[in-house]
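Undergrad: From first to last, the protein sequence lines stand for chains V and L.
Just so we're aligned, residue 1 is where the first sequence starts under the working numbering, counting upward by one.
Just so we're aligned, residue 392 is where the second sequence starts under the working numbering, counting upward by one.
Treat each hint with caution, since some may be false.
[Claimed, not checked] Not everything, but these chain V residues come out facing chain L in the computed CB check (under 8 Å): (1) Gly131; (2) Ile137; (3) Ser173; (4) Pro174; (5) Asp175; (6) Gln266; (7) Leu386; (8) Ile387; (9) Lys389.
Because the hints were derived from the structure by calculation, they are not lab data.
All figures in this text were calculated on a predicted structure; none of them were measured in a lab.
Glycine included, each C-beta is placed from N, C-alpha and C at the ideal position.
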Amino acid sequence: MTLAIDRDQAFLTEIRRIADEVAGPHADAVDREARFPVEAVSALRDAQALSGFIPVEYGGQGLSFETIATACYELGRRCGASAMVFAMHQIQVVTIVRHLEGSPWYADHLRDVAREQRLVASVTSEIGTGGDLGRSIAAVTPDDGGGYTLEKAAPTVSYGAYADDLFTTVRRSPDAEPGDQVLVLTSRDQHHLEPQGTWDPLGMRGTCSPGYQMRASFGPERILAAPFSTVAVESMVPVTHVLWSHLWLGIATDAFDRSRAFVRAQAKGRPDVVPPTAARLSQLMAELALLRGVVSGGLREFTDSIAADDRERLSTMAAILRFNNLKVAASEQAPRVCQGALGVTGIVGFKNDTPFSVGRHIRDSMSASLMIANERIHQTNASLLLIAKDV
Amino acid sequence: MTARVRQIIRDHARLPIDIDTLDDDDDLYQAGMTSHASVNLMLALESAFDVEFPDAMLKRSVFESVTSIVEALDSLGVMAA
């Protein structure tokens with residue numbers, strides 16, 4: 001146990017170093033040029049961070065889920081886009097680790113991910129489904145040679161062009177219902193991504209997430225046996241909301257830290273007077289504390305289910321409601337904190353080239369409510385609240 | 392009770408196919424029941440049998456077939472009338 005904790009702590013020390021020395025210094029260029037954070041991802045690969053959660057028996061480091069979540073937070077404090085790429089990769093890895101159900105191919109592939117530090121992205125959204133990830137139009141389709149194909153019109157694929165593997169939701173077969181979905185993992189040599197449109201968004205610019213027409217050919221071993229409906233409620237959805245909220249907390253925390261540094265600089269100029277901005281900073285701290293509370297509560301709910309080895313608990317409507325609520329609450333609170341930081345720093349924070357700039361933080365955090373649209377989640381929760389009892 | 396459960400599914404689960412074409416053990420979600428329709432089904436069952444499903448029972452596996460629904464109602468003390 002002590003050994004495991006030492007390993008987790010050493011990992012986080014290295015993540016903080018990468019955040020401070022690599023991700024942070026390149027964050028503005030990544031943002032300005034809307035380019036992939038190659039330096040940070042390369043440093044994460046060198047640190048074997050892409051296999052952090054993979055169990056030791058599959059060649060990974062066997063780190064705890066809390067450690068992965070904390071790593072998302074630490075990276076988020078220095079570069080939101082780097083943190084998002086890291087988080088989304090981990091979501092796929094955690095999902096595979098929890099649902100491979102003894103599949104020898106998936107077990108081998110985890111070893112490949114660890115050895116080659118392969119970056120995994122996901123293709124879950126689809127044009128024509130109204131943003132509902134629980135429905136697909138694209139289907140696993142048998143070809144003439146005993147293999148399968150799929151073709152999917154994805155409105156966004158985060159870092160799709162930079163990923164070694166894609167984890168894609170599709171209907172189980174051409175005649176399956178829209179909600180009867182499976183996940184398929186394909187590698188670079190099996191799929192082709194044809195870009196649709198450009199990538200010049202408001203924030204999270206380094207995630208490089210344009211739309212793609214995806215085509216893939218693959219063997220049956222790449223279809224995850226567990227149905228997506230189970231994988232989604234037991235892993236993919238809660239893990240997504242916990243890891244995303246951690247990196248949003250990281251972004252908001254850095255915005256707060258910058259505004260605090262601004263107030264301290266003012267105070268040092270006139271040590272006898274408490275600057276008026278300090279009162280605003282105090283109010284902002286309360287907002288940040290609310291965000292921290294909701295994020296740590298969400299993490300605890302998930303790690304409690306791991307500790308109790310009770311996945312069933314995650315599939316109850318009350319649990320689904322609470323993880324959905326984590327997502328909407330954190331994604332609405334994070335930009336509020338970032339904007340509050342601008343209220344403290346004023347024009348100095350508004351400018352993009354001062355030590356107190358928070359423009360990138362505001363823009364990055366504004367993506368939070370769009371990634372799985374809050375409006376849709378509220379609709380779902382409105383319905384679940386009619387039936388769930390103790391939420 | 393099975394017949395009554397089937398009627399409630401017919402009225403509220405909004406299946407794209409006729410419930411009569413499904414066996415008691417067939418998966419309603421695979422047959423096209425959406426999560427949203429499943430909530431309507433749960434509410435209708437609570438109302439029709441005057442029960443409240445506790446949170447631990449409010450999950451997909453409990454409502455995935457006629458059989459599993461009847462078992463759930465049984466466990467809540469609903470008499471097979």
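Undergrad: Does each hint hold? Answer for all of them.
TA: How the hints compare with the structure:
no.	hint	verdict
1	Gly131	violated, 14 Å
2	Ile137	violated, 14 Å
3	Ser173	violated, 11 Å
4	Pro174	violated, 15 Å
5	Asp175	violated, 11 Å
6	Gln266	violated, 51 Å
7	Leu386	holds, 6 Å
8	Ile387	holds, 5 Å
9	Lys389	holds, 5 Å
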